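Single-letter residue listing:
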Amino acid sequence: MLHGQWKKSLASDIWTRAKLALQLLQLDPGLGGICVRARSGPVRDQLVKHFDPKARKLHPTISDEALFGGLDLSATLASGQLVQEKGILATPGTLVLVMAERATTGLAARLAVALDKNQGHVLIALDEGAEPDEVLNPKLAERFAFHLDLSNCTISDTDTAGPKEHSVRLNDVFVPSDMLPQIIRTALELGIDSMRAPLFALRAARAHAALLGRDSVTSDDLEAACALTLAHRATRIPEPETDEEPPAPPQDENSDESGEDNETLDLPDELLLEAVRALLPDDLLDQLAAQKARAGRGNGTGAARKGNRRGRPLPSRAGRISDGAKIDIIGTLRAAAPWQTIRRDASGREGLQIRPADIQIKRFEEKSDRLLIFAVDASGSSALSRLAEAKGAVELLLAQAYARRDHVALVAFRGTEAELLLPPTRSLVQTKRRLAALPGGGGTPLAAGLMTAFEQATQASRRGLTPTIAILTDGRANIALDGTADRKQAAIDAQQIARILRANNTDAIVIDTGNRPEPALRSLAQTLNAAYLPLPRADAAKLSKSVATVLGD
Amino acid sequence: MTPFPFSAIVGQEEMKQAMILTAIDASIGGVLVFGDRGTGKSTAVRALAALLPPIKAIKGCPVNSAAAKDVPDWAGLVSKRAHQMPTPVVDLPLGATEDRVTGALDIEKALTKGEKAFQPGLLARANRGYLYIDEVNLLEDHIVDLLLDVAQSGENVVEREGLSIRHPARFVLVGSGNPEEGELRPQLLDRFGLSVEVASPKEVATRVEVIKRRDAFENDNAAFMLRWQAEDATIRDRILTARKSLTKLKTPEKMLTDVAELCLALGSDGLRGELTLLKAARAYAAWRDDTALTRAHIRDMAPMALRHRLRRDPLDEAGSGTRVARTVEEVLG
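Chains E and A, in that order, give the protein sequences. For the first sequence, the positions run 1 to 553 when our numbering is used. For the second sequence, the positions run 1 to 333 when our numbering is used.
With the rest of the complex left out, here is chain A (with noise of 0.2 Å):
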């Protein structure tokens, strides 16, 4: 079944916003979604696989390489025909195994044939696409530790049962759970780009479009597809405008001492949220189709790419995306 379109979803504005900005940018690194149950957010990441370019790879190579001598040895393809295939986005499921993510011994060669071969798992897979990892909160260590290795060096490293492999897996992590059932480690939560936290919405009008748009998509899956195909074109044809003029964009010298200002102000934990913030900034400056980096665009990127990143403070009901807003008040006026 084709999953619901990315444009018929109703609000969730900083949701789509940040899903867009990793589509525009893919080193921006990642989004995380916090929210409660039944609140779209798997709804969300599995439209996202529908509405992304298709990417250029070669036919039947494990890692979807871009280029004919990027293919690995130890995939075995004869013919390297490069074709069009949509951009992956692989789930990551809870409680699956290291052997899966990783890969391992093709243990179905080894038994009917005698050969030593590699089976590639879900992070080969995931290279240059999108790695989802639902309720990821509660995602076991030895995992965690593994991908926090992986989305660092863009690198996979194979050594077991004798076998010796490694292959690039550069991948967008997207993960989503609901924060009253665990919490992420710290430094998990660095390696996500941006955060949103989603809600259900309260008003009675926008929850009964919301179940009309569902129960449309449901029962009268063909019209509904028809209807809204035309609008999911609309947004990646602005995602790929936006991914060209990203490179033409001018980043004046005042923008960057803004954001060191800020991350500084709010006391963030190391580089990596000055980057973010400047990276997300500029793909959003993109997508909205300006020609410099503005103020007004650091103002509305700060609480995505800055609030996960803030020392937790116990006493602060209002959530750090309200901490970071003040900031944001205070330094940049």
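Just chain E, with the same shape it has in the complex (with noise of 0.2 Å):
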């Protein structure tokens, strides 16, 4: 039984499927590439050997050039005549990218658009990442039909038998008219909104069947492309059906007939589905949560990084002349100084003679600064020595604030609406000043203090700084955000914000100045994924240690 016996192997050796996966691309470049994720070692470097020894490399920080050809800038100043370098993207075959998760967006963007073109290459990305966070980056899976995972493969398990000869063209291949549909339900059914997932899956499916010898697409070809190209883009696990055994598969007959003349595959969309089940991921669900945590923070853009003001500097490095590098002139002076005499014998040419090879690159490590948000409870209940102690630890913070470059906010919230009391600054005088005259009484708003901090965090965010919200409260949220004095509406809000806030990826520390722990406080922490602090008849001088013990530092 043909069907039964692919499925254990493919379902158990990963290298198996690895291989299966590098013939299909042989065969039909238009499937893009395939990301491996492995550490660097005997087992990949056999896996790529086997796919193409002539494979070209590219490294995370290739330049333009020498993607895409230009002036060859050495040759050109050497030889004083104009000479052109070929890109890498120009001729047509197979790229390896190694350590494919350090690439940027830039980068990654570069390659998709040239896998878009469809030129025939073929793209392996090397993904050495170590942590759940650092992966390929998406845009760049996105255009590649597999994904394999080789971390627990071993070099035992490898084999290197050659390419089957196949004799059937791709183009010849049928395909029954039910594939199609079958293959979007299936992809629905895992939450793949793509488009990309189902055409390659069809791809692969005609590959499979052209790699066997078949000139008609099987349910066995079907299985195996959908288990490939679909597993790794899964975004939900379907409803396990019940575990009794399925009626006599007919598509076994299929499998051993070669399907001449059926039109239909007849493979019940359960088999297809469960093919492909059996190869998610174990912890699917995990990973969907990491990316989901990656995905508010972008990835490459320039706000994140941009309102870093200062940097330190770092020793220079070899580089070339490009956009907004700064060349160090002593270090490139250094790197140059050996060579003279020598130089100076071969050109022939008096003074000093520095090539591009010499030139070294400024660098500047950056932080980005901090800013703290305090949102502190100034109602009836907190009322004035609340926030007497709140004020008190903003003033301590900012007496810090020089050596660890925290910016200090202040939002009160206290009757009907949120007050920014204190907008971010550094400077000590101003916060005096300001925090002098803070009136206190009223409902608790919380809604509207949280979102008030909402916004000097996005606004913080967008100017560089890494913003944290510290909430000091006592007591339940009693006016929802219009204004109203709606216990249940407030609770609402207040929790609705702090999704807002969790999805924004705001840090965040609750607490609780109550003389007993608020469960209300508990879950609104809970939510927003911050720490909850219980401190009741809190001092300004342990106020702001605990918030510096939990921003660890």
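Incorrect hints may appear among the rest.
[Stated by the list, open to error] Derived lysine to aspartate or glutamate pairs resembling EDC-like cross-links, with alpha carbons at most 16 Å apart:
1) A:K202 / E:D193
2) E:K117 / A:E218
3) E:K117 / A:D91
4) A:K116 / A:D106
Read the hints as simulated data drawn from the structure, not as lab findings. Keep in mind that this is a model prediction, so the values were computed, not measured.
Taking the hints as your guide, dock the two standalone chains into a single complex.
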């Protein structure tokens, strides 16, 4: 029984699967490429060598000139004639991107465009990421049909059997009419939204049939193709069906007679889904959570970094003169110095001789400043003492801010609304003046307070600061966002804004200053994914110390 | 490889409509397409290039000038003969350097001939055409600032490396991106005339059709192109007709009031919203072969012309498109 055998080998042996994927890629470069997640080692080398010994390597910091071609500056300078170099992308072939998890968004975008043009490039991305959130840029991963994790594969699992001979041309493979709807139903069932996924599944099925010398796609091909192309894209685990044995699968006959005359596949959806489910990673849900967490941060946007106004100089490094790079003149001279005698002799020219390879580029390390937003409850229940301590804590934190590069802002909420008492600042004098008169009393509009804090946090992160919100309160929310005294609506509003804050990955601390810990605040902290600190009768020193501890310095 | 035919794109009517409108009236000011990966954003933009009617330009002119007198001196053209050329659609890749975008000193000429010459950049090539930025929300800030300035003034000014050059750079900005990966600055958002949100179709039958056409395009290219080229030509003719009838289109005073009232009720920032909505509605009326602007046109165009100009409300989960639709309902009835 071919079907059962194949399934067993596929689900158990990653190496076989990897080899199959590569064979399919060889047959149909339109499948784009493969992402292999594994540490550098013999298994990985074996795989790449097996696929294409002549593969060319790309590294994550490859320049545009190397990719697309351009002026060969060194050769032009040396020969005095215009020397153009040809880019790697000019000739179709296999490209291996090493350390793919480090590829910048810019590089990913350029490679994605190259793959979109369908010029016969096949890209193997070797992802060496160690942490779950170090992965290949999703823009590029989207354009690959396959994704395999070889981290648990050892060299003894590998074999070097050459690719099989195939005699059937890809375009001659017949595709049964009901196959496409079936692929699409399966993809939808797995929560795959992209239209590229079913397209890859279709191509892979066709290639798989051709690989095995069939002139028509059978249910086997379809299962193998869907398992390889859909499993890693799944965003939800389909409901497992009841465990009973499916009634005698009709596809056994089909696969035996290679489907000469069958127009349809007759493969139940459940079986196809089962084949894919067998390959779903065990930690799918964790991975999805990690992806979500990453999504908010963006990748390579200027906004996150541009606010870094200062940088610590790092040792300079050899590099090319490009846009924005600063030349380290001393470093360059130092690099060129030892060669001066030889160069003078070789060229017969007097004076300082500097070659492109000598050029050293300045580098800076940047760290973004932090903004602490205190959202302080100034309602009747908290009253004046609470607020006084909060003010004290703000001043204490600011006093230490110079060393830690913190900015501080203060939002007070009372009555029906929140007020920004202190816009983000590092000025101690300004803070003292502004905090002197802070009125108290009224209801607890927690939602409004969070909202104002959120607005400040968004503005701050746009300016390149890293915001953290510290919420100081002792009671439950009792004023809704629209200012009405509705306890229930107030709680709903507060939770909703907390969810938005969390979705934006804003760090937060909830400090409960009540005499007894308030369960509503604990659950708010959970929604915020924040630390919850019950601190009854906290004074300014204690407060600032706790905040500093939670912030981790 | 020829791009996928525009007319063969299944569904995504709003996106297609928006792109056609910019082809009818370039002054609408570009399209922003936001949506998930694999929803056909890039396909549609690249398809647009093949769809657009050709333009008349001086052969070899780096900024695609229409008349011989407009050819810049630094181009050094000897013969100034006009020819038909396809409307330029220029890709601006992420991480493109400032040199490549604005143009810079021509290193080749400087090194080999010792001449100080200007090498035009992407902005020059995009003049009178389209500039396409994929993943526009991930674009680096200094490039964004540069684009904002040029998109506003329609002129690219280069002052660097001892060069002092200015040349026209009027283009339609087309951007696409995935909003989950990063936000677009409000200033850049405002520069786009229209914005559309795309999602992949949810019905199995539609999805099957998408894959079928894509598969036919890749495996049986010649026959597929033959079939859809005629459809593309129909759209192209309609665009040309609409361009002509746009000048004769009547705009009743009442419609201007409607547009102003709508924008006031929505609280959209600035006056660009009103202008764009009016232009888009007029282009839409011309496309539909109507002789006068009516409320129906404004109602249909309001979401794509205004949805990206609203103040963001983090509590509004329905998205700003729904907010616009609701206000349209209230104001225009």
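Hints and how they fare:
| no. | hint | in the structure |
| --- | --- | --- |
| 1 | A:K202 / E:D193 | 8 Å, holds |
| 2 | E:K117 / A:E218 | 11 Å, holds |
| 3 | E:K117 / A:D91 | 13 Å, holds |
| 4 | A:K116 / A:D106 | 7 Å, holds |
No hint from the list above goes unmet by this structure.
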